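Novice: Model the full structure from these sequences, guided by the hints.
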Amino acid sequence: MNNLVTSAEGNGALIRVTNLCKTYDNGSGLVHVLRNINLKVYPGEIVAVMGPSGSGKSTLLFILGIFLHPTRGSYFLGGENVLTLDRTGQAEFRRRRVGFVFQTCDLLENSTVYENLEFPLIYAGMDRKERPARIAAALEKVDLGHRMHYSSNRLSGGERQRVAVARALVNQPQVILADEPTGQLDRSHGHLILTHFGEIVRDGKTSVVVVTHDPEMAARCTRVCSLQDGILSEQ
Amino acid sequence: MRLNDLLCVSVRQVVRHRRRYLGVVLAIALGVAGFITVVTMSREVKKNFNEDLDLIGGVTVIRVYFDNTRSYRPQWFRDQTLEALTDLEGVKELSLAAVKGGQTNYHGERHIFMAMAVDEAFWQVRSFWAQRGRLFGPGEVFERQRVCVLGAELARKVFGTQDVVGRSLEINQEQYRVSGILGGVTDSGMANSVFLPLTTAQDRLPGQVLTDRLYLRCLTWDDVAQVAAAIPKVIGSHQSPEELHVEVSWEGLKRVKQLAWWIESLIYLAISATFILGGVGIWNVMMAAVTSRTREIGLKKAMGAEDKDILAQFLSEALCLSGAATLLGAGLGRIMMEIMGIMIGSRPPENLFFLGLVLAFVFAVVLGVGAGLYPSLRASRMEVVSAIRYE
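These protein sequence lines map, in sequence, to chains S and G.
Using the numbering used here, the first residue of the first sequence is number 1, and each one after it goes up by one.
Using the numbering used here, the first residue of the second sequence is number 236, and each one after it goes up by one.
Calculated directly from the structure, the hints in this document are not laboratory data.
Check before you lean on any hint, since a few could be wrong.
[What the hints assert, rightly or not] Covered stretches of chain S (chain G as the covering partner; in silico rule of three or more C-beta atoms under 8 Å from a C-beta of chain G): (1) 16-24; (2) 46-52; (3) 63-71; (4) 120-133.
[Said to hold, decoys possible] DEER-style ranges, computed between Cβ atoms: (5) M148(S) x E618(G): 28 to 38 Å; (6) V250(G) x M148(S): 49 to 59 Å; (7) G89(S) x V593(G): 17 to 27 Å; (8) G157(S) x V250(G): 21 to 31 Å; (9) H32(S) x L261(G): 34 to 44 Å.
Given the structure is predicted, the values throughout are model-derived calculations rather than measurements.
Built from N, CA and C at the ideal position, the CB exists for glycine as well.
Specialist: Pasting the structure below:
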């Protein structure tokens, strides 16, 4: 089956995924997690991917972040075939072009909020003096400016999630990949995050792909795609 | 990743996980302290050890003498020869002596003995001390006093007791005051001898008192062979070496060296064991850290860290650990060095301490890199997803 999800025709897509498949061998046979996924995401879009648990949403997001390699298919970001990148190129890609928010809102333990946001900037080679302003700005956007020097171990679940979002934003990436970014947030903070995603994509250069179970959040996205049994379709 | 960021992050990690690392740091610090102490104090201790062992065997004392009984032209040590021997490298001190036959009549009983005419340095060179009373010193030698020191056995034979300090003894029909009884490890020859100030003997004993024997004490037993080999040449360049004999206690020297080698080896073995344990400790701790920080590694890779960044971070943490341990060890080593210096009453040159410090830092780097390399490589090669999903 070949399913194509695009919002418009044309070649200006920031993300272009074609015939993407992911298959695992679980010992007793092959498991087809993703089947012939075709997806185009254009600059300025927020695309929601919805679907039941185990439908392959996180796997798709991991492939878009090139944390995983597909079994088959192609993936272009900004016209570049990112699946051909070597390990150094992949790291460079994650550093400069992608910001990732994990479902488990992983933060570095025994580190402060500031240090959590500083690492992407360190890896990007940003000067030490420029970092505080950038970190403060990212934290302000998720309403956590006052928690900058808190230990991440002392944050509530919601605060941790917002810090994880701020960390994904701090390097000002081209694409933000967020796995359930509002899963642990109350309504107002979930709203805040989405508003901020909206502000980010407004410049017309950035895209956001969000995996969510929250219909309200999906409703506020530019497009909503559904992933079921490894097949992606637009709602 | 920039170097200053790397160092900052690594130091922060080590400080934050200090409880986990404390045991390893202490183990390495003790090894380093021991190493620095051995490097800085070994020569001083050896010198001291030499002196202590000399009490048993006198292995660093070289006996040099002219056998005038076999020579038509009697020889004795000239002043310029003595000066040259004193300046010889490896010689700590020397003492000049002469031997004459002596006799005494005490309560009608005649005793024959060896009268040794010695200078004030003799006691120190031969490691003798006074068992009773005192041994005559520079004053008595300079003033040519009629005093004597008796071997313990001779005192018992002549007086029937060793409690003879202050009593008079007739030697070759001259009266001498007994100033002390010879103590220390002495052979039967020394225990049955009378010791007179060299100047007094030259004035009062009949016939010529030729200073034909010499005792040289070397700085350490390592100097003995070299000094013994040089003596004939030095003497030959100032006077005739005819019938010159150089005696060294080679067998004793060999045994003492063996003993010292064993002691030194055991010390180095203990230090090596400490270093190895420290290395294994670092390895273990880093492996445990890699396992417990698997998710952190995955997260950092997701943030854009390259394999080399992760490798550098874990290696640098291992280096920080060994570096911190070395600093602590250097401090401990300095304290141990000061304490030992006070105990043995000598102070090593300061540059030896710095040499020890530099060597210890080299060891620390080798240890840190060696023990931290495999865990760091393992961490750097982790795949992002499996690391993030690690439970």
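Novice: Hint by hint, note whether the structure agrees.
Specialist: Hint check results:
no.: 1; hint: 16-24; in the structure: violated (count 0)
no.: 2; hint: 46-52; in the structure: violated (count 0)
no.: 3; hint: 63-71; in the structure: holds (count 3)
no.: 4; hint: 120-133; in the structure: holds (count 6)
no.: 5; hint: M148(S) x E618(G): 28 to 38 Å; in the structure: holds (32 Å)
no.: 6; hint: V250(G) x M148(S): 49 to 59 Å; in the structure: violated (20 Å)
no.: 7; hint: G89(S) x V593(G): 17 to 27 Å; in the structure: violated (42 Å)
no.: 8; hint: G157(S) x V250(G): 21 to 31 Å; in the structure: holds (28 Å)
no.: 9; hint: H32(S) x L261(G): 34 to 44 Å; in the structure: violated (55 Å)
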